[in-house]
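Enquirer: In case you want the letters, here they are:
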Amino acid sequence: MNKVVANSEDAIRDVPDGSTIMIGGFGLCGIPENLIRALARKGTKNLTTISNNVGVDGYGMGLLLAAGQIHRHIGSYVGENKLLEQMVLEKKIDLELAPQGTFSERIRAGGAGIPAFFTPTGFGTIVADNKETRDFDGRMYVMEHALKADFAFVKAWKGDKWGNLVYRKTARNFNPMMATAAKITIAEVEYLVEVGEIDPDLVHTPGIYVKRIFQGEQYERRIERKTVRPVVGC
Amino acid sequence: MNKVVANSEDAIRDVPDGSTIMIGGFGLCGIPENLIRALARKGTKNLTTISNNVGVDGYGMGLLLAAGQIHRHIGSYVGENKLLEQMVLEKKIDLELAPQGTFSERIRAGGAGIPAFFTPTGFGTIVADNKETRDFDGRMYVMEHALKADFAFVKAWKGDKWGNLVYRKTARNFNPMMATAAKITIAEVEYLVEVGEIDPDLVHTPGIYVKRIFQGEQYERRIERKTVRPVVGC
Amino acid sequence: MEIIAKDLEANDQRPTTMSKPAKDLDKRERIVKRIARELRDGFYVNLGIGMPTLVANHVPSGIQVVLQSENGMLGIGPYPIEGQEDPDLINAGKETVSEMPGTSYFSSTDSFAMIRGGHIDLSVLGAMEVDEEGSIANWTIPGKMIKGMGGAMDLVASARRVIVAMEHTTREGQPKILKKCTLPLTGSKVVDTIVTEMAYIRVTPTGLVLEEIAVALTFDDVQRATEARLIPSPTLRTMEA
Amino acid sequence: MEIIAKDLEANDQRPTTMSKPAKDLDKRERIVKRIARELRDGFYVNLGIGMPTLVANHVPSGIQVVLQSENGMLGIGPYPIEGQEDPDLINAGKETVSEMPGTSYFSSTDSFAMIRGGHIDLSVLGAMEVDEEGSIANWTIPGKMIKGMGGAMDLVASARRVIVAMEHTTREGQPKILKKCTLPLTGSKVVDTIVTEMAYIRVTPTGLVLEEIAVALTFDDVQRATEARLIPSPTLRTMEA
Chain A
1 MNKVVANSED AIRDVPDGST IMIGGFGLCG IPENLIRALA RKGTKNLTTI
51 SNNVGVDGYG MGLLLAAGQI HRHIGSYVGE NKLLEQMVLE KKIDLELAPQ
101 GTFSERIRAG GAGIPAFFTP TGFGTIVADN KETRDFDGRM YVMEHALKAD
151 FAFVKAWKGD KWGNLVYRKT ARNFNPMMAT AAKITIAEVE YLVEVGEIDP
201 DLVHTPGIYV KRIFQGEQYE RRIERKTVRP VVGC
Chain C
1 MNKVVANSED AIRDVPDGST IMIGGFGLCG IPENLIRALA RKGTKNLTTI
51 SNNVGVDGYG MGLLLAAGQI HRHIGSYVGE NKLLEQMVLE KKIDLELAPQ
101 GTFSERIRAG GAGIPAFFTP TGFGTIVADN KETRDFDGRM YVMEHALKAD
151 FAFVKAWKGD KWGNLVYRKT ARNFNPMMAT AAKITIAEVE YLVEVGEIDP
201 DLVHTPGIYV KRIFQGEQYE RRIERKTVRP VVGC
Chain P
1 MEIIAKDLEA NDQRPTTMSK PAKDLDKRER IVKRIARELR DGFYVNLGIG
51 MPTLVANHVP SGIQVVLQSE NGMLGIGPYP IEGQEDPDLI NAGKETVSEM
101 PGTSYFSSTD SFAMIRGGHI DLSVLGAMEV DEEGSIANWT IPGKMIKGMG
151 GAMDLVASAR RVIVAMEHTT REGQPKILKK CTLPLTGSKV VDTIVTEMAY
201 IRVTPTGLVL EEIAVALTFD DVQRATEARL IPSPTLRTME A
Chain U
1 MEIIAKDLEA NDQRPTTMSK PAKDLDKRER IVKRIARELR DGFYVNLGIG
51 MPTLVANHVP SGIQVVLQSE NGMLGIGPYP IEGQEDPDLI NAGKETVSEM
101 PGTSYFSSTD SFAMIRGGHI DLSVLGAMEV DEEGSIANWT IPGKMIKGMG
151 GAMDLVASAR RVIVAMEHTT REGQPKILKK CTLPLTGSKV VDTIVTEMAY
201 IRVTPTGLVL EEIAVALTFD DVQRATEARL IPSPTLRTME A
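Chains as they are written, first to last, in the working numbering: chain A, 1 to 234; chain C, 1 to 234; chain P, 1 to 241; chain U, 1 to 241.
No lab work stands behind these hints: they were computed from the structure. Check before you lean on any hint, since a few could be wrong.
For lysine-lysine, the following DSSO-like pairs were computed, each having C-alpha atoms within a straight-line distance of at most 27 angstroms [what the hints assert, rightly or not]:
id, chain 1, residue 1, chain 2, residue 2
1, C, K82, U, K144
2, A, K82, P, K144
3, A, K131, P, K27
4, U, K33, C, K226
5, A, K158, C, K131
6, C, K183, C, K226
7, A, K226, P, K27
8, A, K226, P, K189
9, P, K189, C, K183
10, A, K131, P, K180
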């Protein structure tokens with residue numbers, strides 16, 4: 001069983017134009033930054049990306065956006081990208097927005113063999129337009145469908161050579177579910193360790209979901225909104 | 001915020017006759033044994049129990065069964081209870097069996113605000129009788145409904161006073177999902193620790209789901225099938 | 001679905017304390033203080049981006065509440081001390097935060113399972129419009145700018161109690177509490193309570209019940225700033241500061 | 001739904017090595033050895049209770065497979081050494097087991113999400129009946145005893161490949177490979193391969209293709225023990241031991 005690849009370039013060697021790719025992270029927190037940079041360098045085109053956000057202008061997925069690599073995006077919040085806004089208005093990109101809980105549950109469903117489920121979220125709003133709605137026990141729900149992808153790019157704090165992953169703090173976010181919902185899941189980690197070094201009770205993503213793993217070349221881990229308080233007081 | 005109760009008796013003080021109770025564990029592994037014993041002592045009647053198994057004759061949920069406290073049971077495997085079999089044949093108990101994955105997903109759905117979902121499991125079998133079936137992308141699925149309960153009895157290895165729980169090895173099983181799916185979740189733990197003693201990245205069940213917690217009086221942790229190999233060889 | 005929206009107050013993710021003029025700050029302070037009095041010991045609470053976040057500064061003494069962040073955290077603490085900020089530790093507004101004793105982290109999916117499953121005792125969030133049925137609009141203005149709804153739709157649909165925290169009227173003095181929302185909804189018939197600098201209003205099946213009025217204002221003052229009809233509560237009283 | 005079933009081979013949770021006569025043991029050994037040859041490096045495999053469990057003893061050297069247990073474990077190791085058994089560490093047959101380096105634990109819900117999501121490369125399980133469409137019955141005999149289906153229905157519905165491991169006929173010599181199952185199904189059209197002590201059979205859209213025959217047996221021998229019609233493979237060969 002050999003899942004370890006040399007680097008980000010090797011990890012994405014066979015990602016073709018037109019792929020659907022899930023990309024972990026919330027804002028810039030927990031994004032697979034090395035894989036994104038590699039994909040920008042490779043110049044793969046015509047991508048459908050599935051990610052909660054689209055980075056910021058000039059960083060993270062903003063790189064792919066600026067390079068015109070993204071044809072269609074599915075997410076829940078894109079407020080940090082002036083460029084995206086412009087591209088949507090100019091119809092250079094298709095954008096599908098979903099409530100964040102529906103978005104995350106659709107990904108979980110994709111990985112868990114559930115083709116569709118009912119949620120109360122969005123009933124009575126435009127999110128429910130053209131969707132099946134239904135009464136269960138006197139409350140109305142909207143039917144939503146699973147999301148799947150060809151590739152998932154996820155970022156973990158630590159991973160072993162069999163792909164068992166551990167995330168750190170809120171950098172976990174969408175990574176664990178995306179890892180389950182793609183044909184080929186590629187994990188980049190800050191620390192690649194030997195099999196057996198991770199406590200089996202503390203594994204967040206079991207290795208079964210990970211096809212390729214490598215230690216990221218460089219972690220900038222950029223902070224989007226640095227908010228601090230004075231050392232004295234508070 | 002005070003969730004700590006003195007003991008198992010105090011924890012179940014207000015469980016009325018006719019309650020629906022989820023009980024964690026797989027076989028005898030990870031069962032809330034102190035809560036079960038307390039419920040047997042209390043003699044609460046007419047219960048609907050939701051649990052993968054029903055213990056064994058004379059131990060675990062077998063105690064509740066023998067005392068005639070269970071009116072109806074929903075689970076997936078009951079092969080260890082001669083008594084249950086007899087009671088079903090004599091129509092002294094209602095038994096609903098579900099595929100284990102459907103059973104566990106129904107509980108997860110109950111806790112996650114999903115009233116119904118589609119699964120491929122059981123399509124074309126009697127499990128799908130009288131249920132809605134549906135084609136998604138050329139494959140047939142069965143619609144299944146969420147399960148909820150008045151109380152959930154769960155057992156963890158360690159828990160803090162705010163109800164954050166950590167399970168150990170395969171004793172995790174159904175406990176985490178059941179903790180989410182009841183109005184009142186009661187957790188018994190082998191080690192009750194102070195708030196802040198559990199690494200936030202390693203919490204399996206966040207305290208939000210737990211209303212009451214206590215350190216179990218006595219852990220027998222009975223083994224159902226002891227299988228070993230010789231020290232030499234193999 | 002393609003969505004066009006304008007820069008929204010509710011989605012404005014700049015720390016409000018740094019970007020609003022002093023008069024607004026005072027209004028906001030009164031709103032969040034009033035809302036903080038609704039907190040109860042042991043509550044698990046989600047505070048929306050912007051003004052609602054400030055409720056955390058006024059938790060009554062002697063009670064413990066746990067703040068949830070929909071990006072996967074229970075137990076949000078204050079902003080970190082300079083130099084201790086951690087890129088892996090942010091709130092839903094993408095601000096660096098700290099953790100409290102008893103914190104837990106989980107995936108976004110688990111976080112929204114928690115929200116959708118009805119486990120959050122209280123959700124406080126901003127709004128552009130609220131109407132007399134308790135419907136709320138706070139995420140988009142068609143034909144303007146693109147942002148997305150984030151987690152707001154899930155929160156309003158499933159939190160046990162939804163409180164809207166907003167200024168009573170727009171900057172231009174137009175009512176924001178309407179007979180019927182005109183903007184695309186975030187949730188239909190979901191709001192329980194509206195708290196503004198002028199009033200504390202309960203949404204009931206028969207309409208909006210005015211429970212409290214800011215000091216020095218009359219029922220008519222509030223009604224004039226409100227498009228929807230207000231029903232005076234039998235126990236109508238002055239809002240505590 | 002009330003279910004009545006008989007003591008089933010597939011659900012018999014006693015360690016088979018301790019309860020079967022020697023002749024059966026030899027048959028079973030041949031079956032599980034043949035199935036073990038289907039394993040590939042990196043496979044994640046679920047072995048059903050009873051005979052399928054024994055496949056683990058014959059993993060070809062030089063390859064690594066990870067065994068899944070539907071009660072929430074990847075990385076099942078051998079039975080523990082006497083005195084090291086742990087009540088918190090059991091397999092789906094409720095037997096005490098050990099863990100391997102690289103093991104992970106997870107909830108039952110996560111385990112069946114894994115199974116239902118199609119992440120298990122291979123599921124091996126016993127059967128009372130299999131038919132020419134690949135339908136399988138292994139969990140109940142109406143009017144007899146009550147056990148329950150456990151996880152078998154999820155496994156047959158969603159594992160990437162399903163291999164049935166069973167003796168070719170009943171103790172009474174009656175065929176178990178039928179034109180159509182008579183017992184309530186565990187899964188409809190789900191089996192890929194049937195391995196018995198007599199044959200290795202592939203389920204195809206046009207019927208059951210006999211790929212391998214046990215040494216010293218003829219096609220007619222196998223057909224006589226099989227109710228369904230068998231199609232000889234163009235590459236029909238002798239089963240390797």
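Enquirer: Against this structure, judge whether each hint is valid.
Expert: Here's how the hints hold up against the structure:
For the given pair, K82/C sits about 13 angstroms from K144/U by alpha-carbon distance, which is consistent with the 27 angstroms threshold. Between K82/A and K144/P the alpha-carbon distance is near 13 angstroms, which keeps this suggested pair within the 27 angstroms criterion. A threshold of 27 angstroms between alpha carbons decides the hint, and for K131/A with K27/P the separation of about 41 angstroms lies outside it, so the pair is violated. Among the hinted pairs, K33/U with K226/C is consistent with the structure: their alpha-carbon atoms are about 25 angstroms apart, no more than 27 angstroms.
For the hint pairing K158/A with K131/C, the CA-to-CA distance comes to about 44 angstroms; that exceeds 27 angstroms, so the pair is violated. Between K183/C and K226/C, the direct Cα distance comes to roughly 36 angstroms. Violation of the 27 angstroms bound is thereby established for this hinted pair. Taking the CA atoms of K226/A and K27/P, the gap is near 26 angstroms; set against the 27 angstroms cutoff, the hint holds. A distance of roughly 36 angstroms separates the Cα atoms of K226/A and K189/P; the hinted pair therefore is violated under the 27 angstroms criterion.
Distance check on the hinted pair: K189/P and K183/C sit about 24 angstroms apart at the alpha-carbon level, within 27 angstroms; holds. Of the supplied pair hints, the one linking K131/A and K180/P holds, its CA atoms being roughly 23 angstroms apart against a limit of 27 angstroms.
Of the numbered hints stated above, those contradicted by the structure are hints 3, 5, 6 and 8, listed in ascending order.
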